[in-house]
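The primary structure of each chain is shown beneath.
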Amino acid sequence: MQEQVDTNEKPRSRRKAALWALMLTLALAGVIAHTAYWHASGEHADLFQSRDARTVLYNLGLILITGFLLGTLMMRLTEALGYDVSKIKHFSDEEADKEILEP
Amino acid sequence: MISFSEVPGLEISLFLLLFIGLAVGIVAGFIGVGGGFIITPTLIVLGFPAEIAVGTGLAQITGTAVVATMRHRQLGNVDMRLGATMLVGSVAGVEGGVRFVNWMKDQGLADEAVLSASLALTGFIAVFTLWETERARRHLAATAAEEGNTQREAVTTSSLAFLGRLRLWPLVTLKVSRVRVSAWSLIGIGFVAGMLSGFIGVGGGFIMGPALIYLVGIPSHIVVGTDLLQIVFTAGYGTVRHTMSGNVLILVSFLMLLGSSGGTQIGALATRYVSGPAVRFALALALGFAALGTAFELADVLTDGTYRALDIGAKASLFGGLALLSTYITSLLVLGIARKRGSAIPRWARPLIVDD
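Chains as they are written, first to last, in numbering that gives the first Met the number 0: chain A, 0 to 102; chain B, 0 to 355.
With the rest of the complex left out, here is chain A:
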């Protein structure tokens, strides 16, 4: 089966991915706790009113960092679950699906 990686072949890679996923989850939990706290404490409302460079950097930074953390977490999770993500063959004369995850 192409979707299922043999668990005996790549246990170390999957363990490593699971560890990464755990660390990324903790980092995300930190970001979520910070966002909830700043909303409750009124910091977000102050930033909303000030509309200066600090607000721009905060909003863009929060969204980009969260996006990056979530994206990496999703990739590590699929890897840890053993779901094999390989490149799509866009043209009929392309090489057969090439695995691009680390072995």
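Just to be clear, a hint being listed does not mean it is correct.
[What the hints assert, rightly or not] Below 30 Å or equal to it, Euclidean Cα-Cα: the simulated DSSO-like pairs (lysine-lysine) are: (1) K314(B) with K174(B); (2) K86(A) with K15(A); (3) K15(A) with K339(B); (4) K339(B) with K88(A); (5) K174(B) with K88(A); (6) K15(A) with K88(A); (7) K339(B) with K104(B); (8) K86(A) with K339(B); (9) K174(B) with K86(A).
[As the list claims (entries may be wrong)] Pulled a few chain A residues facing chain B out of the computed Cβ check, cut under 8 Å: (10) S12; (11) L63; (12) G70; (13) V84.
The hints are simulated quantities; they were obtained by calculation from the structure and are not laboratory data.
C-beta atoms are modelled at their ideal positions from N, C-alpha and C, and glycine is treated no differently.
Dock chain B against the given chain A, drawing on the hints supplied.
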């Protein structure tokens, strides 16, 4: 329920925001759009002021596009050279679009202009894409019956790809897309898409996507991934501009982003199992529902909210469309996996699911 001191009187359920994020993420990850043309009217319908809906939606789209681009890059759907060339035009276009909408605002015509332009554009692209996709689906079904397997791509309007044949210096070789094309064609598409996205307040994916497929001849799957890369920059730029105008409720964007991150995985992974026309069919459906919702909303604005049925129609089109599309895309992912494992799939899905 969450309340916001920035917008007094506004209260919204946390779970509803997560759910909207999830559904929009599925659609965005599959068809290569940020989802602004769905999110903005949905937030307006939920009671957000229009300018806050646009700014907050753009911030969420930026994050969703980052998550989806990372997955599409892994799937080999991102053509970096194509994205970089188009970026030159799209950033300039967004600025032009923002200035144009501000000028319309000064004339007192912003609401009507934005809704009318949005309706005309989404309606036209939806009808054209639906018509072409149906032809491509029939072509794939016929090929599958002859050869016994379904091909990844089929476009039945190659005669329209005149921008792909333009030989104006400098020419760019796109190795991933296997196209050699004038840089001006790509910069021009980026500029027009950026201009419209700055004007209507969307990421621009639903304009860039069909333009790259039909006018240049780029394969649908590569268009999906590359569009999302573009959207990171265009929606990011829009977020900066709207933050400076006090239009971004960052907690709302953040919560929808948490919901959409799971959805984009479903959408992006589903592209691996489907043919190009299946992606374009979902795009046509999404645009059709958005056009219908916008039409109801425009009618509601023009009649000063006299008829409650118009408001109900807008809600039904937007939420019903999101639910239908999410189900369609998730079904394709499930059926694609089933086919890979050798299980039988329904007849209607056979021309949409690829065999490789």
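These are the hints, each one checked on the structure:
A distance of roughly 44 Å separates the Cα atoms of K314(B) and K174(B); the hinted pair therefore is violated under the 30 Å criterion. At most 30 Å may separate the alpha-carbon atoms for a hinted pair to count; K86(A) and K15(A) meet this at roughly 22 Å. For the hint linking K15(A) to K339(B), the alpha-carbon distance of about 27 Å falls within 30 Å, and the restraint holds. With a C-alpha separation of about 15 Å, the suggested pair K339(B) and K88(A) falls inside the 30 Å cut-off, and the hint holds.
Using a Cα cut-off of 30 Å, the hinted pair K174(B) and K88(A) holds, with the two alpha carbons roughly 14 Å apart. With a C-alpha separation of about 28 Å, the suggested pair K15(A) and K88(A) falls inside the 30 Å cut-off, and the hint holds. With a C-alpha separation of about 53 Å, the suggested pair K339(B) and K104(B) falls outside the 30 Å cut-off, and the hint is violated. Proximity of K86(A) to K339(B) is assessed by CA-CA distance (about 15 Å); at most 30 Å being required, the pair is judged to hold.
Of the pairs offered as hints, the one joining K174(B) and K86(A) holds, with about 15 Å between alpha carbons and a cut-off of 30 Å not exceeded. Evaluation of the S12(A) hint against chain B yields a violated restraint, the C-beta minimum of about 15 Å exceeding 8 Å. Among the interface hints, the one on L63(A) holds; its C-beta lies about 6 Å from the nearest C-beta in chain B, closer than the 8 Å criterion. With its C-beta approaching chain B no nearer than about 4 Å, G70(A) sits inside the 8 Å limit, and its interface hint holds.
Look at V84(A): its Cβ gets to within about 5 Å of chain B, closer than 8 Å, so that hint holds up.
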